[in-house]
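Taken in order, the sequence shown gives residues 391 to 478; the numbers are from our numbering.
Derived from the structure by calculation, the hints contain no laboratory data.
Be aware that a few hints might be false.
As the list claims (entries may be wrong) - Okay, the calculated beta carbon distance ranges per label pair:
#1 392 to 472: 15 to 25 Å
#2 464 to 399: 20 to 30 Å
#3 460 to 407: 19 to 29 Å
#4 416 to 436: 11 to 21 Å
#5 436 to 400: 33 to 43 Å
#6 432 to 405: 17 to 27 Å
To be verified - Below, in silico cross-link-like pairs of lysine to aspartate or glutamate (DMTMM-like), each with a Cα-Cα straight-line distance of 20 Å or less:
#7 413 to 445
#8 413 to 394
#9 413 to 399
#10 413 to 428
Here a beta-carbon is modelled for each residue, glycine too, at the ideal position from N, C-alpha and C.
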Amino acid sequence: MRADDVLSDTANHGNFNGVPIRKGTIAAFLANASTWSDPASSTAQRATAEAHIAEALPALRAVGLFDVLEVRDPALRAWLAQSPPNPL
Numbered sequence: 391m392r393a394d395d396v397l398s399d400t401a402n403h404g405n406f407n408g409v410p411i412r413k414g415t416i417a418a419f420l421a422n423a424s425t426w427s428d429p430a431s432s433t434a435q436r437a438t439a440e441a442h443i444a445e446a447l448p449a450l451r452a453v454g455l456f457d458v459l460e461v462r463d464p465a466l467r468a469w470l471a472q473s474p475p476n477p478l
């Protein structure tokens with residue numbers, strides 16, 4: 391399967407398991423996870439990354455991201471595991 395089989399080049403979002411997901415959600419999560427895990431990130435940067443991750447969690451779970459990939463950072467992995475299924 392290729393990316394355009396999942397979401398066409400002209401589409402900006404799709405619905406997966408009943409959850410609307412914007413194009414770029416997974417890439418944004420990866421960037422935010424890197425910021426959250428980076429010891430050089432400021433408290434404000436980490437808080438912003440955490441808020442953005444929390445907003446994206448329903449979408450990330452709907453596409454099954456965490457069913458096939460494991461977050462390397464043990465602290466972030468634990469935070470994700472204890473986060474409610476739909477934090478918003």
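Results for each hint:
1. 392 to 472: 15 to 25 Å: violated (35 Å)
2. 464 to 399: 20 to 30 Å: Violated, at about 37 Å.
3. 460 to 407: 19 to 29 Å: Roughly 20 Å apart at Cβ, these two residues keep to the hinted range, so it holds.
4. 416 to 436: 11 to 21 Å: Given about 20 Å between the Cβ atoms, the range holds.
5. 436 to 400: 33 to 43 Å: holds (36 Å)
6. 432 to 405: 17 to 27 Å: violated (36 Å)
7. 413 to 445: holds (14 Å)
8. 413 to 394: Holds: residue 413 and residue 394 sit about 11 Å apart, inside 20 Å.
9. 413 to 399: Answer holds: residue 413 to residue 399 is near 10 Å, not above 20 Å.
10. 413 to 428: violated (25 Å)
The structure does not agree with the numbered hints 1, 2, 6 and 10 stated previously, though it agrees with the rest.
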